[in-house]
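Protein chains in written order, with the numbering used here: chain L, 1 to 157; chain P, 1 to 418.
Possibly wrong hints are sitting among the right ones.
[Stated by the list, open to error] Listed below are the simulated PhoX-like cross-link pairs for lysine-lysine, each with C-alpha atoms no more than 20 Å apart in a straight line:
1) Lys310(P) x Lys2(L)
2) Lys2(L) x Lys29(P)
3) Lys29(P) x Lys15(P)
4) Lys2(L) x Lys138(L)
5) Lys310(P) x Lys15(P)
[Unchecked claim] Restraint ranges, calculated between C-beta atoms of paired labels, are given here:
6) Ser5(L) x Val138(P): 35 to 41 Å
7) Ser5(L) x Glu76(P): 51 to 57 Å
8) Lys29(P) x Arg21(L): 47 to 53 Å
9) Glu83(L) x Asp353(P): 33 to 39 Å
10) Glu173(P) x Arg21(L): 36 to 42 Å
11) Ala106(L) x Asp159(P): 55 to 61 Å
In case anyone wonders, no lab produced these hints; they're calculated from the structure. Note that this is a predicted model, so its numbers are computed, not measured. The C-beta atom is built at its ideal place from N, Cα and C for all residues, glycine as well.
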Amino acid sequence: MKLDSMYQEVILDHYKHPHGRGLREGDAEVHHVNPTCGDEITLRVKYDGSRIEDVSYEGQGCSISQASASVLNDLLVGKDLAEARRIQEVFLELMQSKGKLEPDDAMEEVLEDAVAFAGVSKYPARVKCALLSWMAWKDATAQALGEDRESAVRKSA
Amino acid sequence: MTQLPGLLDTEAIRKDFPILDRVLHDGKKLVYLDNAATSQTPRQVLDVITEYYEQHNANVHRGVHVLAEEATELYEGARDKVAEFINAPSRDEVIFTKNASESLNLVANMLGWADEPYRVDHETEIVITEMEHHSNIVPWQLLSQRTGAKLKWFGLTDDGRLDLSNINEVITEKTKIVSFVLVSNILGTLNPVEAIVRRAQEVGALVLIDASQAAPHMPLDVQALQADFVAFTGHKMCGPTGIGVLWGRQELLEDLPPFLGGGEMIETVSMNSSTYAPAPHKFEAGTPPVSQAIALGAAVDYLTAIGMDKIAQHEHAITEYAVKRLREVPDLRIIGPVTAEDRGAAISFVLGDIHPHDVGQVLDEQGIAVRVGHHCARPVCLRYGIPATTRASFYLYSTPAEVDALVDGLEHVRNFFG
Numbered sequence: 001m002k003l004d005s006m007y008q009e010v011i012l013d014h015y016k017h018p019h020g021r022g023l024r025e026g027d028a029e030v031h032h033v034n035p036t037c038g039d040e041i042t043l044r045v046k047y048d049g050s051r052i053e054d055v056s057y058e059g060q061g062c063s064i065s066q067a068s069a070s071v072l073n074d075l076l077v078g079k080d081l082a083e084a085r086r087i088q089e090v091f092l093e094l095m096q097s098k099g100k101l102e103p104d105d106a107m108e109e110v111l112e113d114a115v116a117f118a119g120v121s122k123y124p125a126r127v128k129c130a131l132l133s134w135m136a137w138k139d140a141t142a143q144a145l146g147e148d149r150e151s152a153v154r155k156s157a
Numbered sequence: 001m002t003q004l005p006g007l008l009d010t011e012a013i014r015k016d017f018p019i020l021d022r023v024l025h026d027g028k029k030l031v032y033l034d035n036a037a038t039s040q041t042p043r044q045v046l047d048v049i050t051e052y053y054e055q056h057n058a059n060v061h062r063g064v065h066v067l068a069e070e071a072t073e074l075y076e077g078a079r080d081k082v083a084e085f086i087n088a089p090s091r092d093e094v095i096f097t098k099n100a101s102e103s104l105n106l107v108a109n110m111l112g113w114a115d116e117p118y119r120v121d122h123e124t125e126i127v128i129t130e131m132e133h134h135s136n137i138v139p140w141q142l143l144s145q146r147t148g149a150k151l152k153w154f155g156l157t158d159d160g161r162l163d164l165s166n167i168n169e170v171i172t173e174k175t176k177i178v179s180f181v182l183v184s185n186i187l188g189t190l191n192p193v194e195a196i197v198r199r200a201q202e203v204g205a206l207v208l209i210d211a212s213q214a215a216p217h218m219p220l221d222v223q224a225l226q227a228d229f230v231a232f233t234g235h236k237m238c239g240p241t242g243i244g245v246l247w248g249r250q251e252l253l254e255d256l257p258p259f260l261g262g263g264e265m266i267e268t269v270s271m272n273s274s275t276y277a278p279a280p281h282k283f284e285a286g287t288p289p290v291s292q293a294i295a296l297g298a299a300v301d302y303l304t305a306i307g308m309d310k311i312a313q314h315e316h317a318i319t320e321y322a323v324k325r326l327r328e329v330p331d332l333r334i335i336g337p338v339t340a341e342d343r344g345a346a347i348s349f350v351l352g353d354i355h356p357h358d359v360g361q362v363l364d365e366q367g368i369a370v371r372v373g374h375h376c377a378r379p380v381c382l383r384y385g386i387p388a389t390t391r392a393s394f395y396l397y398s399t400p401a402e403v404d405a406l407v408d409g410l411e412h413v414r415n416f417f418g
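Could you build all of it, start to finish, from the sequences and the hints given here?
Printed below as a string of structure tokens:
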């Protein structure tokens, strides 16, 4: 059944048992919404130099958006910013592939559980759901580290 | 098969809509329950569009050649049809726009630029309701921000009705315009026009009714409504996209200023100033949506031939059945009136804690098209403390079997995420 390619067991697991959920202390907080469906996320990042000490979040939304936030927490916490950015870019590439990209071993090594979202990329209406927390993280990071601070503030307003 | 009193002969009607024969996802028959977003188009309307482009296409109101005259006659003929459909006292009160949003924005802008006694300014108030579509909220927020007028609104009761208990405080001597939806696109509620219009008239406020979810589904009589303006759109009533209607009382259309300027809406133009054509042309700058208007005329013919009374009766029967069946689904909560009384055929609900986006996706896999999200009425979701809803909405071709398919589909959704 085609649906199973979207709702992989891994995704449903993260949805039912999210990792790192809840808001904890952070250096910056952003609130992002997906206006087409009402998914929302509030996300905080905490940095120790260039190391991601924590990504905490609270939100409401569909299984895809919530599972994606959980996977993000798994993947990025503890990583150095440069590596986290690389992971984010690879995930973005996968989500923008319109289902045409078959994750190889190298990609699977970078994305771990997040490769389960490959099937979601076939559904244009759902790609935004999967990317919501990742865009929020990118934005919060820009704010926390003071890069392009003004534009980050504008986007999260 | 379930038989309900008052149903139309859907077997015959469905033959007019080629799209309803579509088969999706490896053999699932399309169950189209997203009619509040847009309705499907019957062959009779499609044929008119084709014939127009094959035989009569020309710009209207200019040129003396045969095609220009035919196109103009067809376009103005569509205006006659729409005027009759809504029982307008005069055909000149029917303005073609591109959609209901444009119609609503047009009124907001007429009032923003008007002279006394219509002028909306910082000493006046605008009244809407909490169940409006964003298209009947944002234009008034814009007008309020630009003029300093105060924006007020009626709240909602827990069962999805307008709370009019404070009507005399909401609509006051300062109120210039009351704009509200006749049938809510998210709750399905049919609002009590008379009480609101009576109070508005008492204080001399104008009344604008958004009839987007009413015009396709029930007889619409602008004289009986006693409003000053009525807005609706073509694509929800078997017509094409790109065509909307604003009906307005003639003396208002004469007094109020134009909004968009351009060709068509003028009488004479010099480099210093211009004078304007009489309504409705005063409000139709530029080449209008000609084929779309003509096709809307064909849609009106189609609906009228079936009979708006009969369509309303059919939808009432379907809605009653749908409400009953949906209430049997465990963990399902209807957002809006939980009976078929004073409501339209759009039913919003939430299913346990399964997000509507997920509900819609699993239903789609079974060929069932519903709408999920906040339906451009986010304040309603905030009011009821929900992020979004799933909405099933019915029309003249909807059948009890499609209601059954929805209920079975929801059972499948529950199992999938259970």
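To see whether the hints hold, each was checked on the structure:
no.	hint	verdict
1	Lys310(P) x Lys2(L)	violated (40 Å)
2	Lys2(L) x Lys29(P)	holds (16 Å)
3	Lys29(P) x Lys15(P)	holds (15 Å)
4	Lys2(L) x Lys138(L)	violated (31 Å)
5	Lys310(P) x Lys15(P)	holds (18 Å)
6	Ser5(L) x Val138(P): 35 to 41 Å	holds (38 Å)
7	Ser5(L) x Glu76(P): 51 to 57 Å	holds (53 Å)
8	Lys29(P) x Arg21(L): 47 to 53 Å	violated (40 Å)
9	Glu83(L) x Asp353(P): 33 to 39 Å	holds (35 Å)
10	Glu173(P) x Arg21(L): 36 to 42 Å	violated (52 Å)
11	Ala106(L) x Asp159(P): 55 to 61 Å	holds (57 Å)
Consistency with the previously given hints fails for numbers 1, 4, 8, 10, ordered from lowest to highest.
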